[in-house]
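Trainee: Chain by chain, the residues:
Protein chains: 2
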Amino acid sequence: MERHFERSLEELKERLLWMGSLAERAVHQAVHSVLDADETLAQTVLREENTINELQIEIDDRVVQLLALQQLMAADLRFVLAIARINNDLERIGDQAVNIAHSATRIVRHPRVKPYVDLPRMGELAEKMMRDSLDSLVRRDIELARSVLSRDDQVDQLRDQIFRELLSYMMGDSSVVFPAFELILVAKNLERIADHATNVAEDVIYMVAGSDVRHPAVDRNTA
Amino acid sequence: MERHFERSLEELKERLLWMGSLAERAVHQAVHSVLDADETLAQTVLREENTINELQIEIDDRVVQLLALQQLMAADLRFVLAIARINNDLERIGDQAVNIAHSATRIVRHPRVKPYVDLPRMGELAEKMMRDSLDSLVRRDIELARSVLSRDDQVDQLRDQIFRELLSYMMGDSSVVFPAFELILVAKNLERIADHATNVAEDVIYMVAGSDVRHPAVDRNTA
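Residue numbers (our numbering), protein chains in the order written: chain P, 1 to 223; chain Z, 1 to 223.
Any given hint could be a false lead.
Facing chain P, according to a computed beta carbon distance under 10 Å, are these residues of chain Z, among others [as the list claims (entries may be wrong)]:
| hint | residue |
| --- | --- |
| 1 | 29 |
| 2 | 71 |
| 3 | 84 |
| 4 | 91 |
| 5 | 127 |
| 6 | 178 |
| 7 | 184 |
| 8 | 205 |
| 9 | 208 |
| 10 | 212 |
Just so you know, the hints here were simulated from the structure itself, not pulled from any lab data. Here the structure is a predicted model, which is why all the values come from computation and not from measurement. Ideal placement from N, C-alpha and C gives every residue a C-beta, glycine not left out.
Make a model of the complete structure from these sequences and hints.
Mentor: Quick look at the structure:
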């Protein structure tokens, strides 16, 4: 029974990491479908959404089975609850990739607004946060998880910069209002992907250290 | 022990409903701080965010304690896991109310864009979805929960209408680009509040019926 249980926990983690790699790929492809005006790539992202959704349900089922069949020790319980939350965040990241791919299919119908500079940087930053948050899970690496949290402000600054620039384009030339607005939506989606990566990193810290870092303003350390 | 356990479940639900009522109030006040250009009301929302954040952590602690101390039956396990997820959605609704309040503090610095028609309607719709999703939890009312799900498309249609109208204002008069953009962000926040209310309703259905309705495209009925 013990060994079977250990194997179930290991399988749960592997399925979650597989889901993470699908979500990462979806984000990467979605961002590039916008940057390269590649509608075929956008369609690939839209086609693969269902696989991520199916995995979310499978992983939730595994969580329920583990909790129902076994009285868990505190550390295992934290692990399973963190997996359940990360599962949720990864599925939402998949949703954001789908939103970006939808924007790409609309952006290609307009002339290109401007050479993209900040948007690719924001995309790379968000992708790196996702990858590092999942690596911090694999390696149970709290320092790496903390470094993900510390990057969230950079993402917000880039978003504000992108907003300001695109709004000033809109003011200067009313013909770019529609495509510039789509790029604003893409920046919002990237911001949310970074937020979800931050949530994953917080859950890794909770899982490994048993401390809750979600609301620094709330004076409280253990969960 | 049994009676103590029942009482813990009841307390868990009551704390969650208290959190729900705080989140509802935050949304209501935030929307009205925009519509009435009421900066004092916006500040009230910003001040009260911490209470919601503290409640989220308290409720998560109660969930962990219940799962750690007790081997739960399937129905109780579904109940506790649904509460944990709803807790998360309510906290995110609080975040969206804060975003709307921040927008309000920026909107008041600009002349009013236009008489608001669709935005108050979208606000009312989102608030009603929140209230009904929580009522469906109290009354374990699957029909009411399903009616919340069915309203999500209306919210998306209103959002698209608001976007189109504000973008055409931006094209006609470049001086309204900034305040109109803030109103677009408010509409995006209301859309997310409605999404979270939809998640809550899905969790109520999962809790009461044991069926997972999150991805209708995925051919699967029980969790």
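Trainee: Would you mind marking each hint as holding or not holding in the structure?
Mentor: Results of checking the hints against the structure:
1. 29: Since chain P brings no Cβ nearer than about 20 Å to residue 29(Z), farther than 10 Å, the hint is violated.
2. 71: 5 Å, holds
3. 84: 7 Å, holds
4. 91: 8 Å, holds
5. 127: With a minimum Cβ separation of about 22 Å from chain P (threshold 10 Å), the hint on residue 127(Z) is violated.
6. 178: Holds: closest Cβ of chain P sits about 7 Å from residue 178(Z), inside 10 Å.
7. 184: 8 Å, holds
8. 205: Violated, because the Cβ-Cβ distance from residue 205(Z) to chain P comes to roughly 14 Å (cut-off 10 Å).
9. 208: 16 Å, violated
10. 212: With a minimum Cβ separation of about 6 Å from chain P (threshold 10 Å), the hint on residue 212(Z) holds.
Consistency note: the structure conflicts with the earlier hints numbered 1, 5, 8 and 9.
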